[in-house]
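Student: Each chain, written out:
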Amino acid sequence: MFWEMMKEEWRIHSTLFGNFAFSLFPLLILGLSFGFFLIYPYLVSVISVNDFWLLIHYLFLLFGVLVGGFGLLGKEFMNRRFGQESLVAYSSRSLPVSEWSIFLNFFFKDLLYYFLLWILPMFLGFVFANIFINAIVSPFLLLFSIFLSFMIGLSSSFILSSIYSYSSKLLIFILLIISLIFIINGINLDFLYMLPSYSLFINFSWTKLFYSLLIIGLLSFVSLFFLRVDYNPSNRRLNNWFNRFNKYLGNSFVSKDMLDLHRSEGGLGKIIFSFIFPLAIVWVLLFFFFSIFPAGNFFLVFSILLGIICSSMYSWLTEFEVFSSYEFLPVKTSDVMKSKLVSYSILNIVSIFILIIASIQSNSLNYLIHGFFALIVSSYYTLATTVYLTGLYPNVLIYNPKVMLSYLITSIPVPVLLISLSLIKPDLLLLSPIILIINYAILKLSLTKWDAWKKPGI
Amino acid sequence: MDKCVIELKSVSKSFGDLKAVDNFSLTVNKGELFGLLGPNGSGKTTTVKMLTGQIKPSKGEINVLGINVLKDPINVRELVGIIPELESPPSFLTGEEYLNFVASIRKIEHAESEIDDWFKFLEFGNERKVLCKDLSRGTRQKLMFAQAFLHEPAVAFIDEPLINLDPIMQFKIKSFLKDYTKKGNTVFMTTHVLEFAESICTSVGIIHHGKLLFTGSIKEIKDKKISLEKFFLEKVNK
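For the protein sequence lines, the chains are C and P, in the order given. Going by the working numbering, 599 is the number at position 231 of the first sequence; the sequence numbering is gapless. Going by the working numbering, 157 is the number at position 104 of the second sequence; the sequence numbering is gapless.
It should be emphasised that the hints constitute simulated quantities derived from the structure, not laboratory data. Incorrect hints may have been included.
[To be verified] Here are the simulated DSS-like pairs of lysine-lysine, each with C-alpha atoms no more than 25 Å apart in a straight line:
| hint | chain 1 | residue 1 | chain 2 | residue 2 |
| --- | --- | --- | --- | --- |
| 1 | C | Lys817 | P | Lys109 |
| 2 | P | Lys236 | P | Lys278 |
| 3 | C | Lys615 | P | Lys182 |
| 4 | C | Lys822 | P | Lys72 |
| 5 | C | Lys812 | P | Lys124 |
| 6 | C | Lys576 | C | Lys615 |
| 7 | C | Lys706 | P | Lys109 |
| 8 | C | Lys822 | P | Lys109 |
| 9 | P | Lys124 | C | Lys700 |
| 10 | P | Lys160 | C | Lys706 |
| 11 | P | Lys264 | P | Lys283 |
| 12 | P | Lys124 | C | Lys817 |
| 13 | P | Lys109 | C | Lys700 |
| 14 | P | Lys264 | C | Lys706 |
| 15 | P | Lys160 | C | Lys615 |
| 16 | P | Lys112 | C | Lys700 |
| 17 | C | Lys817 | P | Lys112 |
| 18 | C | Lys706 | C | Lys812 |
| 19 | P | Lys124 | C | Lys822 |
| 20 | P | Lys283 | P | Lys231 |
| 21 | C | Lys822 | P | Lys62 |
| 22 | P | Lys275 | C | Lys700 |
[Said to hold, decoys possible] Across the chosen pairs, the derived CB separations fall in these ranges:
| hint | chain 1 | residue 1 | chain 2 | residue 2 | range |
| --- | --- | --- | --- | --- | --- |
| 23 | P | Glu138 | C | Ser774 | 33 to 39 Å |
| 24 | P | Ser63 | C | Gly618 | 40 to 46 Å |
| 25 | P | Asp187 | C | Ser466 | 22 to 28 Å |
[To be verified] Just so you have them, the derived chain P footprint on chain C, three or more residues with Cβ under 8 Å:
| hint | segment |
| --- | --- |
| 26 | 580-588 |
| 27 | 609-618 |
| 28 | 698-712 |
Just so we're clear, the structure is a prediction, and the values are computed from it rather than from any experiment. Where a beta carbon is used, it is the ideal one built from N, C-alpha and C, also for glycine.
Just chain C, same shape as in the assembly (with noise of 0.2 Å):
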């Protein structure tokens, strides 16, 4: 079953791009890393060596929870990767197999899979680079160290996904007390450096090893007691909520998003594990940034960096939803889009109020204004580039490696002039909107693209 889920992943990607250019993405993933180990020099010449492979590790750490917090939401991830028909996973269910078994094999699927797409890449891109850059590092302790960061990410995420799918109230309680600590306490930098996986890449100890293992065994333990695996069917009745929701939203697309949203479960949940969870990381890991390296305001760079994650709001909106069920009404692909665009901007009340918190927090209440247009700015430009780049299929196309580098080469230019503009004088910022026209004009030119766009093979 593993492998003929490994394949099934493999089609699911392939038939949208081909098979050669899936199979280039972790040539990319290779020379992106190469790339940016290149510049290790220059920036260990500001930072000191630890904290560089402090900050990478913790990068692992966050798409570990990326990661986790996307595709693990417990019954949700059940219901919805197994409930798809045609995929192995459900089609198994016929089989003499277990619910467990079946769970395990597409976990550990997944889990390869993102070994050999992105972090077996990442590591390899290194090794290259450290022939002309002499790091004095071991490669094996490395691969072995980060992959530990990315279980630990995954794993927290897992936990707290499942307690959410056992009981959100239970996780809301625990997310309040250990915010409560960090407001109390403040954010203790030396805690950073006692993640286990960082500690053994830079002096190895079976004790670590063995820390290191225990927490990601112990926190997948608890996760797999909470999870729920449960293909019932309720016979609960609704009320009909869609005429409520069309007459006050005045779109049916958008009101069949939010009721989505609301009724998947995951409502709640998505918001805390892929973009609250993370935002949280990036805080304490921007927090660290500029203790060690001081220059600009951190609640603008948190602003800007803010938007950006927005962004991922929109994979949420598109990760269910197949055109395909809308292709025998009289619908245009650009209408599906044009209300995810709304459902997406109505999404992101969320982002402005985490933007109020952030600035009394960071004691930059007078920036606030500066902070919104930085926000506004750049979560709508990536939203742009993501949309032109990929349309409703964002989740499946980044892995098209000419998607993934038009991406990264177009999402760069806007948030780096936000962080410039932030950089030389703040109040620059207040001029951004402007930028709001050439996000206005990818997002057209993006209707007329995806509309003309046909899947291959139709």
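Put chain P on the given structure of chain C with help from the hints.
Tutor: What follows is chain P alone, placed relative to chain C:
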């Protein structure tokens, strides 16, 4: 009654090396209940998808209600009703909400009473308030049936109408389709169930390996003192 509402002119469709539909020409007149019959993989669903603008033909021309489907698929889909073979209603809407969703897209005003009538006809009861993902396949199929006829289209395309339906509902659907075409509407359906086609279709087409082997009225076949099943098997050389 003989006004042509569906017209395919030398239509072909290829998927790579596979020729799914090969030089297909056909007309269906107003008020007809046309059944496209064929073995699995013969090109029936591809034909319906081309007729409704869901996929483009590799060559040829298709007109539905006088509109060129290639040039204006959205306009065609506004006017016709479609029951696709595979698609299901959205998981996280209830049956009632889904029909309201379709009514909203199709801009049907005061659809509530129409929707109530459909739920009564299809014997939904309280299931109308259950999420679509929790409905049985048969119930979801009934919902897909209702969405296709909610706006009382002049032409309906139905891909395998009886899939998953119980015998009582099959009987009701048969009666509905007969009455529907008697009012001057047209139905184009695909089916494997030859008995069903024989009992309600006014005309049929037989497709095999993408080629249209026969088109004609059911009467024409009956006049040959032969059942549709035998006629079909003869045509596909079984």
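Student: Would you list, in rising numerical order, the hints stated earlier that this structure does not obey?
Tutor: Numbers 2, 6, 14, 22, 26, in rising order.
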